[in-house]
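Student: Each chain, written out:
Protein chains: 2
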Amino acid sequence: MYPHAMEWLEKVKWAGNGLVPAIAQDARSGRVLTLAWMNRDALARTVETGEAHYWSRSRSKLWRKGEQSGHVQKVRTLRLDCDEDVILLEVEQEGGIACHTGRESCFFRRLENGEWVETDPVLKNPQEIYRT
Amino acid sequence: MYPHAMEWLEKVKWAGNGLVPAIAQDARSGRVLTLAWMNRDALARTVETGEAHYWSRSRSKLWRKGEQSGHVQKVRTLRLDCDEDVILLEVEQEGGIACHTGRESCFFRRLENGEWVETDPVLKNPQEIYRT
Chain F
50 MYPHAMEWLE KVKWAGNGLV PAIAQDARSG RVLTLAWMNR DALARTVETG EAHYWSRSRS
110 KLWRKGEQSG HVQKVRTLRL DCDEDVILLE VEQEGGIACH TGRESCFFRR LENGEWVETD
170 PVLKNPQEIY RT
Chain L
50 MYPHAMEWLE KVKWAGNGLV PAIAQDARSG RVLTLAWMNR DALARTVETG EAHYWSRSRS
110 KLWRKGEQSG HVQKVRTLRL DCDEDVILLE VEQEGGIACH TGRESCFFRR LENGEWVETD
170 PVLKNPQEIY RT
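So the sequences go chain by chain: F and L.
Going by this note's numbering, the first residue of the first sequence is number 50, and it counts up by one from there.
Going by this note's numbering, the first residue of the second sequence is number 50, and it counts up by one from there.
Check each hint, because a few of them may be wrong.
Heads up, the list lumps identical chains together, so a pair's fine if it works in one copy or across two of them.
[Stated by the list, open to error] Below, simulated DSS-like cross-link-like pairs (lysine-lysine); rule was C-alpha separation at most 30 angstroms, straight line: (1) K173 with K60; (2) K110 with K60; (3) K62 with K173; (4) K62 with K110; (5) K173 with K123.
Treat the hints as calculated values from the structure; they're not laboratory data.
Note that the coordinates shown come from a computational prediction; the quantities given were computed from them, not determined experimentally.
Please build the complete structure, drawing on both the sequences and the hints.
Tutor: In structure tokens form, the structure reads like this:
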């Protein structure tokens, strides 16, 4: 465990539901990969292991990013914003794929002339990613 | 107004409170600048004007970024994530300052050995920014 664990964990202004948004950014490309959610436990385990952990709101469980897909996020730096209620992770994205659709980034749609257009290629078929 | 305005606005999965998180990233440096919140009106005005508008949860009002500080965000691209509930804006940050503390980015604290350390300089005194 880290020294002063409670202090840095309690510095974060957790919302009423115990969560804050966490943005993952690729350390090499600078691409914003995903926004997920963390609770105290997710942040503590992220720091302890050096791998991104999130809280899955849909499954109501702690989730180590890549536990099924292998697309682990190795954390280089962790940042906290001015209001102390948003986390930013600079990560090395295993496999170069962060999105469950098999794309590099979850932000693969761009607004063009009033329509959301898919601009990014699928790098790996999700059925292959989640085969097991 | 955009054609099909309702379609692309309704494509976004607004939360129960009518909001989604919106991440602003600097188009030049790639730095993640801030996370704020948008409702339908904020997103519609952002697209209409080409300048980032957000919903202030603390003031319960629509807010044109930079309306007081002059630190307007000119929007280059707008992206939507795989779950259609997070917006990513690539922006040109007027003045090179996004944070109300006078720093480039709101993410100016980094976790180092169990402490949140301020790593970024204040570029302009907030009292000068919000003089008027």
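Student: Taking the numbered hints from earlier one at a time, note which ones the structure violates and give those numbers from smallest to largest.
Tutor: Of the numbered hints given earlier, the structure breaks none, since each of them holds.
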